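Undergrad: Below, each chain spelled out in residue letters.
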Amino acid sequence: MAAETASGTPAIRLNGLRKEFAGTPPVVAVHDVDLDVRAGEFFSMLGPSGSGKTTVLRMIAGFEEPTSGRIELAGEDVTGRQPYERDVNTVFQDYALFPHMSVAENVEYGLLVTKVGRAERRSRVAEALEQVRLGDHGSRRPSQLSGGQRQRVALARALVNRPTVLLLDEPLGALDLKLREQMQVELKGIQRDVGITFLFVTHDQEEALTLSDRIAVFDAGRIEQVGTAHEVYESPASAFVAGFVGTSNLLTGDAARAVIRRDGSFAIRPEKVAVMAVGSPADTGMMSADGTLEEVVYGGPVTRYVVALDAGGRLTALEQNAGTRPDVAALRRGERVALRWRADHVIDVPGPPAPERSPLGASPQQSPTTT
Amino acid sequence: MRPRRGLAILLGPPMLWLVVVYLGALAVIFATAFWTTDPFTNLVVRTFTLENFRELLTPTYLGIIGRTLLIAVLVTVLCMVVAIPFAFFMARVAPRRLRGLLLAAVLVPLWASYLVKAYAWRTMLQPDGVIDSTFGATPGFGLAAVVLTLTYLWLPYMVLPVYAAFERLPESHLEASADLGGRPWTTFRRVVLPALLPAVAAGSVFTFSLSLGDYIAVQIVGGKLQVLGTAVLQNITLDLPFAAALGTASVVIMVLYLLAVRRTGALDNL
Numbered sequence: 281m282a283a284e285t286a287s288g289t290p291a292i293r294l295n296g297l298r299k300e301f302a303g304t305p306p307v308v309a310v311h312d313v314d315l316d317v318r319a320g321e322f323f324s325m326l327g328p329s330g331s332g333k334t335t336v337l338r339m340i341a342g343f344e345e346p347t348s349g350r351i352e353l354a355g356e357d358v359t360g361r362q363p364y365e366r367d368v369n370t371v372f373q374d375y376a377l378f379p380h381m382s383v384a385e386n387v388e389y390g391l392l393v394t395k396v397g398r399a400e401r402r403s404r405v406a407e408a409l410e411q412v413r414l415g416d417h418g419s420r421r422p423s424q425l426s427g428g429q430r431q432r433v434a435l436a437r438a439l440v441n442r443p444t445v446l447l448l449d450e451p452l453g454a455l456d457l458k459l460r461e462q463m464q465v466e467l468k469g470i471q472r473d474v475g476i477t478f479l480f481v482t483h484d485q486e487e488a489l490t491l492s493d494r495i496a497v498f499d500a501g502r503i504e505q506v507g508t509a510h511e512v513y514e515s516p517a518s519a520f521v522a523g524f525v526g527t528s529n530l531l532t533g534d535a536a537r538a539v540i541r542r543d544g545s546f547a548i549r550p551e552k553v554a555v556m557a558v559g560s561p562a563d564t565g566m567m568s569a570d571g572t573l574e575e576v577v578y579g580g581p582v583t584r585y586v587v588a589l590d591a592g593g594r595l596t597a598l599e600q601n602a603g604t605r606p607d608v609a610a611l612r613r614g615e616r617v618a619l620r621w622r623a624d625h626v627i628d629v630p631g632p633p634a635p636e637r638s639p640l641g642a643s644p645q646q647s648p649t650t651t
Numbered sequence: 150m151r152p153r154r155g156l157a158i159l160l161g162p163p164m165l166w167l168v169v170v171y172l173g174a175l176a177v178i179f180a181t182a183f184w185t186t187d188p189f190t191n192l193v194v195r196t197f198t199l200e201n202f203r204e205l206l207t208p209t210y211l212g213i214i215g216r217t218l219l220i221a222v223l224v225t226v227l228c229m230v231v232a233i234p235f236a237f238f239m240a241r242v243a244p245r246r247l248r249g250l251l252l253a254a255v256l257v258p259l260w261a262s263y264l265v266k267a268y269a270w271r272t273m274l275q276p277d278g279v280i281d282s283t284f285g286a287t288p289g290f291g292l293a294a295v296v297l298t299l300t301y302l303w304l305p306y307m308v309l310p311v312y313a314a315f316e317r318l319p320e321s322h323l324e325a326s327a328d329l330g331g332r333p334w335t336t337f338r339r340v341v342l343p344a345l346l347p348a349v350a351a352g353s354v355f356t357f358s359l360s361l362g363d364y365i366a367v368q369i370v371g372g373k374l375q376v377l378g379t380a381v382l383q384n385i386t387l388d389l390p391f392a393a394a395l396g397t398a399s400v401v402i403m404v405l406y407l408l409a410v411r412r413t414g415a416l417d418n419l
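Taken in order, these protein sequences are the chains called B and G.
For our numbering, count along the first sequence from 1 and bump the result up by 280.
For our numbering, count along the second sequence from 1 and bump the result up by 149.
Hints may contain errors.
Unchecked claim - Listing some non-contacts, in silico: residues in chain G with all C-beta distances to chain B over 12 Å: (1) P152; (2) L156; (3) Y306; (4) H322; (5) L323; (6) A327; (7) A344.
Unchecked claim - Taking CB as the label site, the calculated pair distances span: (8) B/T394 / G/L175: 52 to 62 Å; (9) G/A243 / B/T347: 20 to 30 Å; (10) B/T347 / G/L256: 36 to 46 Å; (11) G/L250 / B/V582: 58 to 68 Å; (12) B/E574 / G/L250: 53 to 63 Å; (13) B/R398 / G/L405: 30 to 40 Å; (14) B/T394 / G/L250: 49 to 59 Å.
Honestly, the hints are just simulated from the structure, not real lab data.
Fair warning: this is a prediction, and the values are worked out from it, not measured in the lab.
Where is the CB? At the ideal position from N, CA and C, for every residue including glycine.
Full structure from sequences and hints, please.
TA: As structure tokens, then:
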């Protein structure tokens, strides 16, 4: 479906979009971003906090004025327009529900202020509330709802206007894990039903991979890569993308030369690395490296092994616990192991590695030190 | 048992204060209003009579009550009209430094003596005063002068809660309204004003009740103007029961005002 609409006018086109915030020197939040979002697409902007993704979203909504550049919505230049003159609606991170209005009044607000007739208002509000499974909560106050329900009201309030593009600013950030996963499924279903273009901002790489048709990975105000979840994960365009989307298993310098036998920076996804006994034979097309187990992290369905390579550097291997038996002892720290992976699973990552960024770039479950 | 005793010790003194001193005084005023005085000795005679209240309903005193109400309403409305844009500017527009200065400008007059401020207005309002020489006219001493002076005196009590309400109002609510198609005036009317209502109600309780009870500023800038407060003052030595009846009238008005404010629902979210 996305392929068909791809030939048409993009829902959003950003052209050299730049945002500087006042200061000495001025802080450049967004560096001349170019981006096309196709009509009907579920598009995510993924990046760490401060990478400029939210600023881009706020410029599209009209809350921030770009320093330079152009914003087109469905082929129309809206760069200088006020938020109320743009055919986009936003789901805010804090939901921004009006506390003095009931749920139904909140949803009705956009229709009321744009002077939609009473009968149509009523039926569209009912329809929107039904869509988010809150049909019988219309008379409640936002304060009487749970976090997940408020989230759905915010979604209904934005969708009821049938905008060209729906902007979602980390809408699931305030929900706990279980609810977040449930809302991801619902969000995807609603997007499929209404067929509206969703532009989704998140710092959660897993969320972006799960939901999106395409993803733009942001770093330091620039887009590092645009692609499908598959492309971004399997062939990251830079060391940053390799590190931020998924766990970075980066080999550089001498270690890369010794293990990969080429110069450059290389990434191997942890789930593609197998842990074996030292000396076990390697098949053709496989690469191998010996090392010492530094860390064994048992995580239920999977176990993570961190191995210090003899050649220098460190690789993480992720193994399914499918074959694990309760009575068989697991590998322990300090044991010697051999790592094996297919040569064609080695990803060439262009550009210099950014080791100082890797703690920031690691996904949440990889960096338990962040508090 | 023990936590209960702790609670009793903690709450005992303030409750004692509230019941004995505060409510007790009110009860005494209320009871006194039904007594009368001996015409020769001016001493209070403790016999039940409705005469004081009957006198309250004569045209003279109804006029005084009406005038006092008018002043309180005008002062409250003027305070709202000045305080809402001012507080908006302070909380949402002014840069941080200016905000601090403005806040100080609102608060500092509260430290100055009430009398000094009232006499300052007297000086400004008198013929050939600052107002006369600047604008070529002065309202002189009377109702307008009282309203102006009281508005000035009670303005901080309106600015502060409204300012706090503007501060509390999340930016995202304004953005959400604009995002959904609300133009600035619509946003103000449908999102900002309802959020301010509790604060305006709280502020108005101050401005209204303080104006209702004032008798000093009225004497300083009011000329011959008679209000409830001055009437109480005149009767307090010669006819204490009637003064008490006048006091009861202002308490009743205030209770009615609070009930009316509560009906708007503005006090629910305070």
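Undergrad: Look at each hint and say if it fits the structure.
TA: Hints, one by one, checked against the model:
Distance to chain B confirms G/P152 as a non-interface residue, since its nearest Cβ pair spans about 31 Å, more than 12 Å. Every CB of chain B lies more than 12 Å from the CB of G/L156, the least distance being 30 Å, so the non-interface label holds. Under the 12 Å C-beta cut-off, the non-interface status given to G/Y306 relative to chain B holds; the minimum distance is some 23 Å. Distance check on G/H322: its Cβ comes as close as 5 Å (rounded) to a Cβ of chain B, failing to clear the 12 Å threshold; non-interface status is violated.
A cut-off of 12 Å between C-beta atoms contradicts the statement that G/L323 is not in contact with chain B; the least separation is 9 Å. A Cβ of chain B approaches the Cβ of G/A327 within 12 Å, the least distance being about 4 Å, so the stated non-interface status is violated. At the 12 Å boundary, the C-beta of G/A344 falls inside the reach of chain B, the nearest C-beta of that chain being 7 Å off. Between B/T394 and G/L175, the C-beta spacing of about 53 Å keeps the proposed range 52 to 62 Å intact.
About 24 Å separates the C-beta atoms of G/A243 and B/T347, a value consistent with the hinted range of 20 to 30 Å. Roughly 39 Å separates the CB atoms of B/T347 and G/L256, a value that falls within the hinted 36 to 46 Å. For the hinted restraint 58 to 68 Å between G/L250 and B/V582, the CB-CB distance of approximately 60 Å keeps it satisfied. In this structure, B/E574 and G/L250 meet the distance hint of 53 to 63 Å, their C-beta atoms being roughly 59 Å apart.
A beta carbon spacing of about 37 Å between B/R398 and G/L405 agrees with the range 30 to 40 Å that was offered as a hint. Distance hint check: the CB atoms of B/T394 and G/L250 are about 40 Å apart, inconsistent with the given range 49 to 59 Å.
Hint compliance for this structure: hints 4, 5, 6, 7, 14 are not met, and every other hint is.
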